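Visitor: Model the placement of chain B on the given structure of chain A, informed by the hints.
Protein chains: 2
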Amino acid sequence: MKGNSYLEAGVDTNAADKTVELIGHEARSTYVPGVLAGVGPFSGLFELKGYKEPVISSSTDGVGTKLLVAIALGRRRSIGIDLVHLCVNDVITSGAQPLFFLDYIAAGVLVPEQVVEVVKGIAEACRGVGCALVGGETAEMPGVYRAGHFDLAGFVVGVVERSDLIDGTAIEKGDVLVGIPSSGIHTNGLSLARKVFGVGISEDDEGRAREREILEQWYPQLGRTLGDELLEPHRSYWPLLKPHLPLIKGMAHISGGGLVGNVPRVLPKGLAASFARGSWSVPPIFSLIQERGRIPQPEMYRTFNMGIGMVLVCTAADAGVICHEIPGASRIGEVVEEKDGRTEFV
Amino acid sequence: MKGNSYLEAGVDTNAADKTVELIGHEARSTYVPGVLAGVGPFSGLFELKGYKEPVISSSTDGVGTKLLVAIALGRRRSIGIDLVHLCVNDVITSGAQPLFFLDYIAAGVLVPEQVVEVVKGIAEACRGVGCALVGGETAEMPGVYRAGHFDLAGFVVGVVERSDLIDGTAIEKGDVLVGIPSSGIHTNGLSLARKVFGVGISEDDEGRAREREILEQWYPQLGRTLGDELLEPHRSYWPLLKPHLPLIKGMAHISGGGLVGNVPRVLPKGLAASFARGSWSVPPIFSLIQERGRIPQPEMYRTFNMGIGMVLVCTAADAGVICHEIPGASRIGEVVEEKDGRTEFV
Numbered sequence: 001m002k003g004n005s006y007l008e009a010g011v012d013t014n015a016a017d018k019t020v021e022l023i024g025h026e027a028r029s030t031y032v033p034g035v036l037a038g039v040g041p042f043s044g045l046f047e048l049k050g051y052k053e054p055v056i057s058s059s060t061d062g063v064g065t066k067l068l069v070a071i072a073l074g075r076r077r078s079i080g081i082d083l084v085h086l087c088v089n090d091v092i093t094s095g096a097q098p099l100f101f102l103d104y105i106a107a108g109v110l111v112p113e114q115v116v117e118v119v120k121g122i123a124e125a126c127r128g129v130g131c132a133l134v135g136g137e138t139a140e141m142p143g144v145y146r147a148g149h150f151d152l153a154g155f156v157v158g159v160v161e162r163s164d165l166i167d168g169t170a171i172e173k174g175d176v177l178v179g180i181p182s183s184g185i186h187t188n189g190l191s192l193a194r195k196v197f198g199v200g201i202s203e204d205d206e207g208r209a210r211e212r213e214i215l216e217q218w219y220p221q222l223g224r225t226l227g228d229e230l231l232e233p234h235r236s237y238w239p240l241l242k243p244h245l246p247l248i249k250g251m252a253h254i255s256g257g258g259l260v261g262n263v264p265r266v267l268p269k270g271l272a273a274s275f276a277r278g279s280w281s282v283p284p285i286f287s288l289i290q291e292r293g294r295i296p297q298p299e300m301y302r303t304f305n306m307g308i309g310m311v312l313v314c315t316a317a318d319a320g321v322i323c324h325e326i327p328g329a330s331r332i333g334e335v336v337e338e339k340d341g342r343t344e345f346v
Numbered sequence: 347m348k349g350n351s352y353l354e355a356g357v358d359t360n361a362a363d364k365t366v367e368l369i370g371h372e373a374r375s376t377y378v379p380g381v382l383a384g385v386g387p388f389s390g391l392f393e394l395k396g397y398k399e400p401v402i403s404s405s406t407d408g409v410g411t412k413l414l415v416a417i418a419l420g421r422r423r424s425i426g427i428d429l430v431h432l433c434v435n436d437v438i439t440s441g442a443q444p445l446f447f448l449d450y451i452a453a454g455v456l457v458p459e460q461v462v463e464v465v466k467g468i469a470e471a472c473r474g475v476g477c478a479l480v481g482g483e484t485a486e487m488p489g490v491y492r493a494g495h496f497d498l499a500g501f502v503v504g505v506v507e508r509s510d511l512i513d514g515t516a517i518e519k520g521d522v523l524v525g526i527p528s529s530g531i532h533t534n535g536l537s538l539a540r541k542v543f544g545v546g547i548s549e550d551d552e553g554r555a556r557e558r559e560i561l562e563q564w565y566p567q568l569g570r571t572l573g574d575e576l577l578e579p580h581r582s583y584w585p586l587l588k589p590h591l592p593l594i595k596g597m598a599h600i601s602g603g604g605l606v607g608n609v610p611r612v613l614p615k616g617l618a619a620s621f622a623r624g625s626w627s628v629p630p631i632f633s634l635i636q637e638r639g640r641i642p643q644p645e646m647y648r649t650f651n652m653g654i655g656m657v658l659v660c661t662a663a664d665a666g667v668i669c670h671e672i673p674g675a676s677r678i679g680e681v682v683e684e685k686d687g688r689t690e691f692v
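Protein sequence lines, in the order shown, are assigned to chains A and B. Read left to right, the first sequence gives residues 1 to 346 (the numbering used here). Read left to right, the second sequence gives residues 347 to 692 (the numbering used here).
Bound conformation, chain A alone (with noise of 0.2 angstroms):
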């Protein structure tokens, strides 16, 4: 009898070891001043340099079921790309500058070209933000994962200047609060858009060749695929709002809740959120999705980003400069005193 071997147990370090070399690869390519690069095999090393009082902001996510979509056209470049941005965008709420990016990558079983490629796109997004990828994680989980499945976690680490740190702590009544768009439904409600559309579903294969139809279908109103709407990547905000992070008295990143679940959070007590309906439009994949599934309006706003993927919280004077200045970017409310909740619509 043949003795027992890692390898037969379904964990095989030749692929590990070829998938760790080529990540290095595109890890390499995002380094920024900071990084103490070949330092310490176990760890990233980040040298901090020019912070009177530093804080270090961190934030983790995941990407949630677009990994299913992404699966399902073979397509993972752009999963790796949003994993990114959505972390990024948490932790630059605070006014904090991205330092660093950590990866996690799981799989039941691992195909290095597919990892290489998720890390591509991560590789590609953290040099679009100037921050540096400086470690990760690939683990092989036989028995965790459904065939052909994988999941994906970030973690990103920044620095802000203690002085400089958005806390909201300023925002009074009469603020007023400028969205920036999205580039689509980002990471959030997906698991909705898919129960809508019937995708991300199927166990057999063809169910899975039904699936790649309807997300190949060609929709006149979004001016391409559903495939590539949903894929679209998670907006990075970073590079726009970096110049205007003085006049930001606060910034809601709205992921999972919305406008109404994300906006309040960063309200001082007694203060809400008034959004003017109609002051920005709503891409078409919304109300594709809300005609199709016939989902209620006020789930939609509870659900998706309805088109606003940052909300600035800033006085009306230094709104209209950062109106100005940023593409898109409009006013969408005000900061009004709690009446019934924390946010209305009017």
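It should be emphasised that the hints constitute simulated quantities derived from the structure, not laboratory data. Treat the hints loosely; a few may be bogus.
[Unchecked claim] When the alpha-carbon atoms are kept at most 20 angstroms apart in a straight line, the in silico EDC-like pairs for lysine to aspartate or glutamate are as follows:
#	chain 1	residue 1	chain 2	residue 2
1	B	K615	A	E21
2	A	K49	B	E393
3	A	K52	B	E399
4	B	K398	A	E47
5	A	K52	B	E459
6	B	K398	A	E161
7	B	K395	A	E161
8	A	K49	B	E399
9	B	K398	A	E53
[What the hints assert, rightly or not] Some, not all, of what chain A presents toward chain B, calculated at C-beta under 8 angstroms:
#	residue
10	P41
11	L45
12	D90
13	T93
14	Q97
15	A139
16	F155
17	S191
18	V196
19	H253
20	I326
Model, not experiment: these values are computed from the prediction. For glycine and all other residues, C-beta sits at the position ideal for the given N, C-alpha and C.
Guide: Okay, now just chain B, sitting in the frame of chain A:
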């Protein structure tokens, strides 16, 4: 901690609120000076004080298929402890003080009680290490995970003064390898161990009942059941090593790849690790796995920690001090010139 994912995924909102509340309670129990609590709802904030040239050390990891043993026995707290310790043991190899931790928990269906149990373990371990649980993500991902399964990823950030960085550059021929005992299998080689014993594989009730029986079997050589032995949490080395950092030239966390795969990673080029066979006692769990699985010796050393969870490199004189001060620490080899490979057993 964010809690949107629960609501969005259609989990009973009362249960979800309760979970978020319980998680928040656990997180607050870990707070150390530096945590800016209640500020910036989208990210965890930590104020860094007292460092002249801070280097931030970071790491991410997962517990691998140790999860399947935990799931088979319905125990989730110890796996949370594993998650923290294995990440922390990576980050301290550079001499960094662990500052804060974030966790990512994903499942097909989230059961609040189960999530809280994992988080209790995470918080317990964070308190033990003195690092704060400042954030996390709990994701419900129907269709990605097999029924009853979940995954965990951890992310830790530490800091070290530039001048105190442990980077292995001072290591030279004749330096001593000091081994610190592991508490058992830790979180590596579980896929092989599970295959040998036939656990964490079954998909039906009958199979699961059989697996439970296997795990509940008492072994005289272990002095406990197989399940208790396999689920023994990954040991935390920080409290032991912190007082001795100035004596340590290099530090290797013995995780995937064993002694053979990890110790050479901290050695300068041209040097190799020479281990003295028999200089430490290999715990009975490894002999049991080896005999049951008829696994060749080299495969054992490539896959498991074989009783050594951390290896320190220091001068012979300093090794004497460390072996005297740290319970169980012993000289297990030395640094030699590289000849045929980067490790040898003599």
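Visitor: Grab the minimum C-beta distance from V196 (chain A) to chain B and call the hint holds if it beats 8 angstroms, violated otherwise.
Guide: violated, 14 angstroms
Visitor: For K398 (chain B) and E47 (chain A), compute the direct alpha-carbon distance and say whether it is at most 20 angstroms.
Guide: Distance of about 11 angstroms is within 20 angstroms: holds.
Visitor: Classify the hint on D90 (chain A) as holds or violated, based on whether any CB of chain B lies nearer than 8 angstroms to its CB.
Guide: holds, 4 angstroms
Visitor: Classify the hint on T93 (chain A) as holds or violated, based on whether any CB of chain B lies nearer than 8 angstroms to its CB.
Guide: holds, 4 angstroms
Visitor: Holds or violated: K398 (chain B) and E161 (chain A), Cα atoms, limit 20 angstroms.
Guide: holds, 15 angstroms
Visitor: Would you check whether H253 (chain A) satisfies its interface hint, that is, whether its CB is within less than 8 angstroms of any CB in chain B?
Guide: Status holds, d = 5 angstroms.
Visitor: Can the restraint linking K49 (chain A) and E399 (chain B) be considered satisfied, given a maximum Cα separation of 20 angstroms?
Guide: holds, 7 angstroms
Visitor: Mind checking the CB of F155 (chain A) against every CB in chain B and telling me if the closest is under 8 angstroms?
Guide: holds, 4 angstroms
Visitor: Assess, step by step, whether the Cα of K395 (chain B) is no farther than 20 angstroms from the Cα of E161 (chain A), and give holds or violated.
Guide: Cα-Cα ~12 angstroms, so holds.
Visitor: Holds or violated: the hint that Q97 (chain A) contacts chain B, with Cβ atoms closer than 8 angstroms.
Guide: Status violated, d = 12 angstroms.
Visitor: Does the nearest C-beta of chain B fall within a distance shorter than 8 angstroms of the C-beta of S191 (chain A)?
Guide: holds, 6 angstroms
Visitor: Just to be careful, I want the Cα atoms of K615 (chain B) and E21 (chain A) compared with a cutoff of 20 angstroms; is the pair within it?
Guide: Holds, at roughly 19 angstroms.
Consistency note: the structure conflicts with the earlier hints numbered 5, 14, 18, 20.
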